[in-house]
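**Q** Residues per chain are reported as follows:
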Amino acid sequence: MSSHKTARVASVLSGALRLWEVSATVEHADGFLVRAPSMTLRIAPEVPRGWLVFRDDHLLATHAGLPGLLRTLRQELAPHAPRGRLIIGSQPRA
Amino acid sequence: MSPVPISVVTGFLGSGKTTLLARLLRDPALARTAVIVNEFGEVGLDHLLLEASDEEIVLLEGGCLCCKVRGDLVRTAGELLTRRARGDAAFDRIVVETTGLADPAPILHALMTDREVAGSLRLESVIATVDCAAGAATLDAHPQSVKQAALADRLVLTKTDLADSRALAERLRRLNPAAPQLTAVHGAIDPSLLFHGSPYERSVYSDATHADGVTTFCLRRSEPLHAVTLTLFLQVLAEHCGEKLLRLKGLVDVVESPGRPAVIHGVQHVFHPPAWLDAWPDGDRSTRIVVISQGLDAGWMQDLLEALEDEVKACSIS
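Chains as they are written, first to last, in the working numbering: chain E, 478 to 571; chain S, 148 to 465.
Fair warning: there could be bad hints in the mix.
[Stated by the list, open to error] Derived contacts from chain E toward chain S, CB cut-off under 7 Å, selection only:
1. GLY492
2. PRO522
3. ARG526
4. LEU529
5. GLY542
6. GLY566
[Stated by the list, open to error] Calculated cross-link-like contacts (lysine to aspartate or glutamate; reagent style DMTMM-like; alpha-carbon spacing at most 25 Å):
7. LYS482/E - GLU504/E
8. LYS482/E - ASP450/S
9. LYS460/S - ASP431/S
10. LYS482/E - ASP250/S
11. LYS482/E - GLU386/S
12. LYS482/E - GLU523/E
13. LYS391/S - GLU553/E
14. LYS391/S - GLU226/S
15. LYS482/E - ASP425/S
16. LYS460/S - GLU523/E
17. LYS391/S - ASP311/S
18. LYS391/S - ASP359/S
19. LYS391/S - ASP431/S
20. LYS460/S - GLU403/S
21. LYS460/S - ASP450/S
22. LYS460/S - GLU390/S
23. LYS460/S - ASP507/E
24. LYS482/E - ASP235/S
25. LYS391/S - ASP507/E
26. LYS482/E - ASP287/S
27. LYS482/E - ASP174/S
28. LYS460/S - GLU370/S
29. LYS391/S - GLU453/S
30. LYS460/S - GLU386/S
31. LYS482/E - ASP507/E
32. LYS482/E - GLU317/S
33. LYS391/S - GLU263/S
34. LYS391/S - ASP450/S
Quick caveat, the hints were computed from the structure, so don't treat them as lab data. C-beta: ideal position from N, C-alpha, C; glycine also.
Let the hints inform the model, and build the full structure from the sequences given.
**A** Shown next, in the form of structure tokens:
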């Protein structure tokens, strides 16, 4: 992943932490280290694509993309943050 | 049968909703309009101030649409549609007048998602009246009035004959820059400014604004997005942003649909199915997504959109 894309993912992770009001930092480390007072999570890129999430070298989850990765981070770091669900309204009847 | 357009008139107590509607219903252009009036008091009065044939005005009493009588709204709209289909009621449009205390979001959710009526209705416009005499104080004191103005497609300034509207107009422009501001003196206004035209055509502005805790900004992208990126983007927003996302609407250039932009439109976590235009409405072919929020960060949202597209592209290439 290019440094530009890595920085963008880091920005997405940091922004999500702020959104959930979690006090944590995101560091680049062959992937990312998310350091919160309660735990440190390591996020490693999976070849050819996707993400692995570790806590204390224990594999917590694998995800194909950011939506799943964000879900795992929220469950671990902000389990009480409100969680919504996308609802698509009805299609107009023909 | 094509969906019936439905509009919601909201605005704080005493801001002129009923006066506006009473005047509008006298206009021949709105002769075929059914009205659903929600009143909060024990005895409803507002419906008596609206002149139209009885069967075209329905009163919902005993509670507020956004909390107590939302089911009644859907049921009433369904009954109106049934009568129309039977030929017992002749109307081309439904207008819902909310109570002054209503949060418009759950009302819009009900109209967009209810299994019985949503497929037969097309949300046309959300109109918020704001009283120039008391509007500033109301915005200061009542967060609900801020939400009403922030969610509106059109803002109607009332009582402009009683007070200077300039400061309030500027405050509302920062609160909801995508909504055109109109003026109604004693309810007089051209109905075509309220009910016709697509709300998406005005989703074009560049300045991020902030007022009354509401942040509005426009995400832009010159390259087309994959359709699945758009779905994932909305999914992430709905899952994590909660009530901080007030409204999102936009035109999206989609890779799989060249020359035919998708119109997206959502209230909090509830979205209409994307509609596809036959062509771009203007010379600007870029994706434009207007976000009205309480505290969401424009840079984060733009990065999220780009990062999701990066991932989808990587899957498409390999």
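**Q** For every hint, state whether the structure bears it out.
**A** Here's how the hints hold up against the structure:
no., hint, result
1, GLY492, "holds, 3 Å"
2, PRO522, "violated, 11 Å"
3, ARG526, "holds, 6 Å"
4, LEU529, "violated, 15 Å"
5, GLY542, "holds, 5 Å"
6, GLY566, "holds, 4 Å"
7, LYS482/E - GLU504/E, "holds, 14 Å"
8, LYS482/E - ASP450/S, "holds, 9 Å"
9, LYS460/S - ASP431/S, "holds, 24 Å"
10, LYS482/E - ASP250/S, "violated, 40 Å"
11, LYS482/E - GLU386/S, "holds, 23 Å"
12, LYS482/E - GLU523/E, "holds, 15 Å"
13, LYS391/S - GLU553/E, "holds, 21 Å"
14, LYS391/S - GLU226/S, "violated, 34 Å"
15, LYS482/E - ASP425/S, "violated, 34 Å"
16, LYS460/S - GLU523/E, "holds, 16 Å"
17, LYS391/S - ASP311/S, "violated, 32 Å"
18, LYS391/S - ASP359/S, "holds, 13 Å"
19, LYS391/S - ASP431/S, "violated, 29 Å"
20, LYS460/S - GLU403/S, "holds, 13 Å"
21, LYS460/S - ASP450/S, "holds, 15 Å"
22, LYS460/S - GLU390/S, "violated, 30 Å"
23, LYS460/S - ASP507/E, "holds, 22 Å"
24, LYS482/E - ASP235/S, "violated, 60 Å"
25, LYS391/S - ASP507/E, "violated, 33 Å"
26, LYS482/E - ASP287/S, "violated, 42 Å"
27, LYS482/E - ASP174/S, "violated, 56 Å"
28, LYS460/S - GLU370/S, "holds, 12 Å"
29, LYS391/S - GLU453/S, "holds, 21 Å"
30, LYS460/S - GLU386/S, "holds, 23 Å"
31, LYS482/E - ASP507/E, "holds, 13 Å"
32, LYS482/E - GLU317/S, "violated, 39 Å"
33, LYS391/S - GLU263/S, "violated, 29 Å"
34, LYS391/S - ASP450/S, "holds, 18 Å"
Checked against the numbered hints listed earlier, the structure breaks hints 2, 4, 10, 14, 15, 17, 19, 22, 24, 25, 26, 27, 32, 33; every other hint is satisfied.
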